[in-house]
Amino acid sequence: NAGVTQTPKFRVLKTGQSMTLLCAQDMNHEYMYWYRQDPGMGLRLIHYSVGEGTTAKGEVPDGYNVSRLKKQNFLLGLESAAPSQTSVYFCASSRQGAQGQPQHFGDGTRLSIL
Amino acid sequence: AQSVAQPEDQVNVAEGNPLTVKCTYSVSGNPYLFWYVQYPNRGLQFLLKYITGDNLVKGSYGFEAEFNKSQTSFHLKKPSALVSDSALYFCAVRDSTTSGTYKYIFGTGTRLKVLA
Numbered sequence: 020n021a022g023v024t025q026t027p028k029f030r031v032l033k034t035g036q037s038m039t040l041l042c043a044q045d046m047n048h049e050y051m052y053w054y055r056q057d058p059g060m061g062l063r064l065i066h067y068s069v070g071e072g073t074t075a076k077g078e079v080p081d082g083y084n085v086s087r088l089k090k091q092n093f094l095l096g097l098e099s100a101a102p103s104q105t106s107v108y109f110c111a112s113s114r115q116g117a118q119g120q121p122q123h124f125g126d127g128t129r130l131s132i133l
Numbered sequence: 004a005q006s007v008a009q010p011e012d013q014v015n016v017a018e019g020n021p022l023t024v025k026c027t028y029s030v031s032g033n034p035y036l037f038w039y040v041q042y043p044n045r046g047l048q049f050l051l052k053y054i055t056g057d058n059l060v061k062g063s064y065g066f067e068a069e070f071n072k073s074q075t076s077f078h079l080k081k082p083s084a085l086v087s088d089s090a091l092y093f094c095a096v097r098d099s100t101t102s103g104t105y106k107y108i109f110g111t112g113t114r115l116k117v118l119a
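Going down the list, the protein sequences come from chains A and B.
So the first sequence is numbered by this note's numbering: it starts at 20 and just counts up by one.
So the second sequence is numbered by this note's numbering: it starts at 4 and just counts up by one.
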């Protein structure tokens, strides 16, 4: 009954370092999303994927890259971390469909950039 | 583009009293609207959605939401608040992309505090 699993849960980076956040889902969902959550700004979409091998930009994609090589995994990369990328990152997945499928969220990765 | 607004950063209510968390939307076409709840150090959890049909939608944990097309609102309600309902609540709307796929736009969130 794992649902959406994010690793790591916490990380501290120095400015300029790179890292990859991993999201894994076991529900066979087609759609996957990466969001960042900042105080007073709600959730903002970074990138999303509508299927294996596909990715698309969201609202705030700059400084991030993503890959979806396997259907169950969605990776978020920070190429050169900046203090402005300090945030809580959430991954979500949902079924494909025209009927408004709800999203299932992981518990987040708390990332601090010093 | 679609959007949602949550006009209140925080709502305080006494335990046992009815609660309302407000959401207004701006969409072209028929709205697909959602409410999610977030507890501390956790991800968002789906509460309920409106797609079509009855304007009063029932969801998890005794919550319901009223869709009002003329006022473009989708307010979350509960007849009797519990201290355990204290959390951050998000309204969201589905947005269609130019490629025919879907993504979701979230409001800024409303912190609900239920006082014992």
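These are calculated hints, taken from the structure and not from any lab test.
Among the hints, a few may not be true.
Stated by the list, open to error - Here are the simulated lysine to any residue pairs, SDA-like style, with alpha carbons at most 20 Å apart:
| id | chain 1 | residue 1 | chain 2 | residue 2 |
| --- | --- | --- | --- | --- |
| 1 | A | Lys-28 | A | Glu-49 |
| 2 | B | Lys-106 | A | Ala-75 |
| 3 | A | Lys-28 | B | Lys-106 |
| 4 | B | Lys-106 | A | Asn-92 |
| said: Taking the earlier hints as the rules, which of them does this structure contradict? | reply: Of the numbered hints, 1 and 3 do not hold.
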